[in-house]
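Protein chains: 2
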Amino acid sequence: MANHQVIKLSELKNHCKNCSMYDLCLPMGLETGDLDNLDKVIKRRQSVNKNSFLYRMGEPLKSVYAVRSGSFKSYLTNPDGTEQIIGFALPGELLGMDAISEERHICTAKALETSSVCKIPFERLESLALEIPNLHRQLLRLMSKEIQQDQNLMLLLAQMPAETRLASFLLGMSERLSNRGYAANDFNLSMSRGDIANLLGMAVETISRLLSHFQENGVLKVERKHITILKLDTLRKLATHCASNHSDSFQAS
Amino acid sequence: MANHQVIKLSELKNHCKNCSMYDLCLPMGLETGDLDNLDKVIKRRQSVNKNSFLYRMGEPLKSVYAVRSGSFKSYLTNPDGTEQIIGFALPGELLGMDAISEERHICTAKALETSSVCKIPFERLESLALEIPNLHRQLLRLMSKEIQQDQNLMLLLAQMPAETRLASFLLGMSERLSNRGYAANDFNLSMSRGDIANLLGMAVETISRLLSHFQENGVLKVERKHITILKLDTLRKLATHCASNHSDSFQAS
DNA sequence: CGACATGTTGAAGCGGTTCAAGTAGGGTGG
DNA sequence: CCACCCTACTTGAACCGCTTCAACATGTCG
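Protein chains in written order, with my numbering: chain U, 49 to 301; chain F, 49 to 301.
Be aware that one or more of the hints could be misleading.
Any copy will do: because identical chains look the same in the list, a pair fits if it lies in one copy or spans two.
[What the hints assert, rightly or not] Think about it this way: if two alpha-carbon atoms lie no more than 30 Å apart in a straight line, the pair counts; the simulated DSS-like pairs of lysine-lysine are:
| # | residue 1 | residue 2 |
| --- | --- | --- |
| 1 | K88 | K193 |
| 2 | K193 | K285 |
| 3 | K279 | K269 |
Treat the hints as calculated values from the structure; they're not laboratory data.
Keep in mind it's a predicted model, so treat the numbers as computed, not measured.
Please put together the full structure from these sequences, using the hints given.
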């Protein structure tokens, strides 16, 4: 009895229309009939262990992936072996779209925690997109969004001081998490300090110092990976570094 | 007579299949019939004066543009009025695809020199892409390529020293120009030192010093905007900064 | 419980910025 | 056509933000 119930429940959740990420993910805006067609090509609920790979740099493109739960980092590996993190993927986000141009993955995706994804064979997605205008549009929209995110990061990297970069990163995480139904002011970072440092182009030590600094000033409460935002306004100010007012940006209460 | 001849010639050039950028641009891989259909929606040969705008940040997305000749910079403007250059567009490259997600342009495109573009109404492009699988694929491919370019720049910005950034930038320009039929080792930079500095996240002074430095070491010949690459191998080495061997990277010979 | 990874904090050093001064082009009006 | 001006670029010197190096603390996993 109990077992029967469980099966029905998981069956139910196994469709896009019942997925909590529905309105952020690929099927956004699709009508019921179209949705069912998309549903058919998706291989659902593949589970990915912490530190294992979804795909690696150089592998031919077979599928793209939608994150159901958990999180990933995607990174390039340069010739000298060092890695450059490109971004973190949260539930509802698509992974692997960067591979389309070369037909092979140009970065590696690694699970930061035990995660679950929907695997979408790219060829079938592509042909389906030709039949469903809204899907086609959503595909373009998601790629365009990735470009936008990358460009924002470039802006941070190119001209913002360390404090602004970290503040902006934390704010971004807060927003993305709250869009996904999590608390905006109280969350866990699934990535290490080293990963954050790498993404933001700074040393781990700097991240550590800034987090302490933020805490001393009452902007955040930091307990290892658990972050509580105490002064959202101040954090916002820090994230939009204005040209004047360089130092002492958040000394006073 | 002469006039008649001229009209025919410009008519000829006014079609994708006769455009010199054909195999780099949107129609790449299309069959003749499909090409003609694409051809019909394109408004050809709009001329854009130096320093004028193709579109500005915030404007609703109406068209995307293919560069025919000349070059553009695209940049964000932050709240405090400073700009962040995202990239430069050369002939055969598409501009405006970043606007799809928000349906309005998130950056501004400004001509670096007198240029010419093909204007492609986005709605018509989108519906056409649904009819022509290869066009759909090419659209995704071009967007994916943009993601790739942005990610490479992020890598430069996040962890490469100034020398490597500039070397890599010059190498990239050389490659892109040679793909477009220009000389690989001898070209003009259409953008100012300030623009390069902005893109690469450094001060103008640093660009200037490094160019002098490169010249002293015989890697380049620099005459204002005209660059001649004298030692391609050395430049390649500089662009792939290896973790060891930090200083004196190109002292000898 | 020990061992190793991860994170924190302090102090010194450096790459690149900023400030300052000077040079060279390129376009305009006389 | 040349003198002028203004912007773009170059070069030098001082300064600073962040990195690096080093030591220590704290968690985590076998």
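Is it within a copy, between copies, both, or neither that the alpha carbon of K279 lies no farther than 30 Å from that of K269?
Only inside one copy: K279 and K269 sit 10 Å apart there, 53 Å across copies, limit 30 Å.
Reference check for the pair K193 and K285, CA-CA at most 30 Å: within, between, both, or neither?
For K193 and K285, the Cα distance is within 30 Å only inside one copy (24 Å; across copies 34 Å).
Between the shortest in-copy and the shortest cross-copy C-alpha distance, which are at most 30 Å for K88 and K193: within, between, both, or neither?
Both: 26 Å inside a copy, 29 Å across copies.
Checked against the numbered hints given earlier, the structure satisfies every one of them.
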